[in-house]
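Here is how the chains run, residue by residue.
2 protein chains.
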Amino acid sequence: MSRIHKNERIGAIIHILTEHPKKMFTLNYFGELFGCAKSTLSEDLDAVRNIFQRFDLGVVETIAGAAGGVFYIPTVIQKEIQDFSQVLCEKINQKERIIPGGYIYTNDLLYDPEIAYQIGKMMAMPFHEETIDYVVTIETKGIPVAFMVARVLNKPMIVVRKSSRLTEGTAIHMNYITGSTKRIQTMSLAKRAIGKGSKILFIDDFMKAGGTAKGIEDLMKEFESEVIGTGVLMATAEPQKKLVNNYHTLLVLEKVDEETGQIDIRPVSL
Amino acid sequence: MSRIHKNERIGAIIHILTEHPKKMFTLNYFGELFGCAKSTLSEDLDAVRNIFQRFDLGVVETIAGAAGGVFYIPTVIQKEIQDFSQVLCEKINQKERIIPGGYIYTNDLLYDPEIAYQIGKMMAMPFHEETIDYVVTIETKGIPVAFMVARVLNKPMIVVRKSSRLTEGTAIHMNYITGSTKRIQTMSLAKRAIGKGSKILFIDDFMKAGGTAKGIEDLMKEFESEVIGTGVLMATAEPQKKLVNNYHTLLVLEKVDEETGQIDIRPVSL
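Chains as they are written, first to last, in our numbering: chain A, 1 to 270; chain B, 1001 to 1270.
Hints listed in this document are in silico derivations from the structure and should not be mistaken for laboratory results.
Predicted model only: the values in this text are computed from it and were never measured.
Keep in mind that the hints are not guaranteed to be accurate.
Claimed, not checked - Here are the simulated distance ranges between beta carbons:
#	chain 1	residue 1	chain 2	residue 2	range
1	B	Gly1068	A	Leu33	31 to 41 Å
2	B	Glu1061	A	Ile77	25 to 35 Å
3	A	Asn175	B	Asp1218	54 to 64 Å
Yeah, the Cβ is synthetic: ideal placement off N, Cα and C, and Gly gets one too.
Isolated chain A (complex conformation) (with noise of 0.2 Å):
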């Protein structure tokens, strides 16, 4: 192999970082797929470093010493939250999505992954200094975000089922009252899925009274873990006062009108 130039190892070192969302790679790792000393690979990653934020791409972190190693946090700034955050309420602020009930129909943005992708990254932006073990959520619409979140995080996501199912063997049921429209519901996990003492971060599409993170709150209990913060994509203004008392909000949907096919839907930091 012929030697490898500056710009070829500060080139990979950079797709690799960016394929692997929060993944700790060593120095050493580069040092034998470069074949060239630490104090090279130092230099490499200062420029790498000034690169990400140069050019607002995220940040990228080293940790010292033995255990260390370079990681890429997916992180986006303020105007990029608001301008593409305005951008969905558009997209999704036309009458032909509302259906019968006054629900939204927003499927095709949420099973976009370029969309799905940039929506994770938004939602994780609270949640990256806070110890989490898994990032859950509850099928089958919010199923998309949570993983996009989860791959910004790279933490393992966990599905609720609403329904038990055969293939995933013993699991703990529990009855729940949706907040909004007081219906008995089941909620199921497997009880392998979560061991004692984790820290959830809870991830869904939309949150009108909170009954459903209400219940993943109950749920996490009977498995001796914590839910430690709660993100959905979109919000009711009405009820203010949701079942649970914490959550982070991209959109804030203020009113749905069957009758006149209006949607009123705007960016939570607007």
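Place chain B on chain A using the hints.
Quick look at chain B alone, frame taken from chain A:
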């Protein structure tokens, strides 16, 4: 802004391409980002292509002309597929995974973003040259893997439901018979989800007799659309003849023995 160095341009280009698989970026886009001439960019892109090639990081393709641009295809080399398939088999081959009924618990693998992305890259391999409009899957377990295939191919995902939900509007329902257990099941999909004449890639985590894959083929006909490819993570060796003619699988499940706790699974390529 001080002058942008070649290192910096190459690094930023690699980050942006890597974070947006199969999304085309025009030379103008990068020209404006860096404030540099197209001739300079052409040299940068040559360097970028060489870096991907030298370290087996995937393919960077350039389309010439006014409608042209550059994009990243997350391909994997044959050796990587074999090695990772082998690792997957070893992870799956643990008797604790066997669930009463002869099922295998794999959620911890399928729901791990790093593993799922790697599986997505491998499962997408046969389909990079195909014209695909949607990646279709059926809820729930296969969604993360299907979504990673969708991300690698940069196509929207569609999730067929096992029961119709109010929140997706008018839907087409279809009963079908599972291939192995001969039970009647329902699948349903919102009418607006898929346009006429669409080309479909069906992705699932598991195939036994192929009843679900056959059901999806039939359902897609109701949408005047066509399944042009089917990929699963693992398929059982028996029955050898499936209800669909062509499918790709990464792993072959030879046998699950509940009594002895033995799982016999192997990469298809070996």
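Q: List, from low to high, the hint numbers that the structure doesn't satisfy.
A: 3
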